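Engineer: The chain contents come next:
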Amino acid sequence: QSVLTQPPSVSAAPGQKVTISCSESNSNIGNNYVSWYQHLPGTAPKLLIYDNNKRPSGIPDRFSGSKSGTSATLGITGLQTGDEADYYCVRWDGSLSAVVFGGGTKLTVL
Amino acid sequence: EVQLVQSGGGLVQPGQSLRLSCAASGFSFGDYAMSWFRQAPGKGLEWVGFIRRKTYGGTAEYAASVKGRFTISRDDSKSVAYLQMSSLKTEDTAMYYCARDIAAGSTGDYWGQGTLVTVSS
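So the sequences go chain by chain: A and B. Our numbering numbers the first residue of the first sequence as 1 and each following residue consecutively. Our numbering numbers the first residue of the second sequence as 1 and each following residue consecutively.
FYI, nobody ran anything at the bench for these hints, they're computed from the structure. Note that this is a predicted model, so its numbers are computed, not measured. Just so you know, even glycine gets a beta-carbon here, dropped at the ideal spot from N, CA and C. Check the hints yourself; a few may be wrong.
A few chain A residues that face chain B, going by a derived Cβ cut-off under 7 Å, partial list only [unchecked claim]: (1) L47; (2) G103; (3) G104; (4) T108.
Can you make the complete structure from the sequences, with help from the hints?
Structural biologist: The following block contains the structure:
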């Protein structure tokens, strides 16, 4: 069972916007930076967002991150068929000295 | 150009050992932590562990599932990170990835191509 809870799947039409939530029952997510990864089967994962809302070089501003209270959110606007992938939220847990992952969300662009 | 090239995967029997390598180029290797992740067939991504850069002690942290069996090391003179896996179990079967990390083990900005480890009798 993942420490971070994500919806198993989300879907939206091309050109639309989608949000993926990442929640935690305690306040830990609020006290730590969250990263988001995109993973297409058979390829290496790609870092989309780090430190809650920062984009690495080369990541388009269609991708955004936010955090409030006990949850973080990944937003994707202007959906493209190429965005179909699994998306994971991640954070460092200082008390465990370990990285914790969400269970992943499969995005379908209809 | 930042590149991470992985090697060392393969088929091993339960209880055996295997060492994965992650050769880096295009950046100052010693200035970065290095992380390892994996994805078992049909499962989500899982963090395996990471090693800090020498200026932060060069120490490593591990997921509970591999602690005591896996060891992460680095050779800054060769720009290579290693994942030594011992007492392998069938549940360690996965695609393994290394990543350059810009934070405490959770922020891999460049990734290797992945290498498949299959543990089976």
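Engineer: Of all the hints numbered above, which does this structure not satisfy? Sort the numbers upward.
Structural biologist: Hint 4 contradicted; others consistent.
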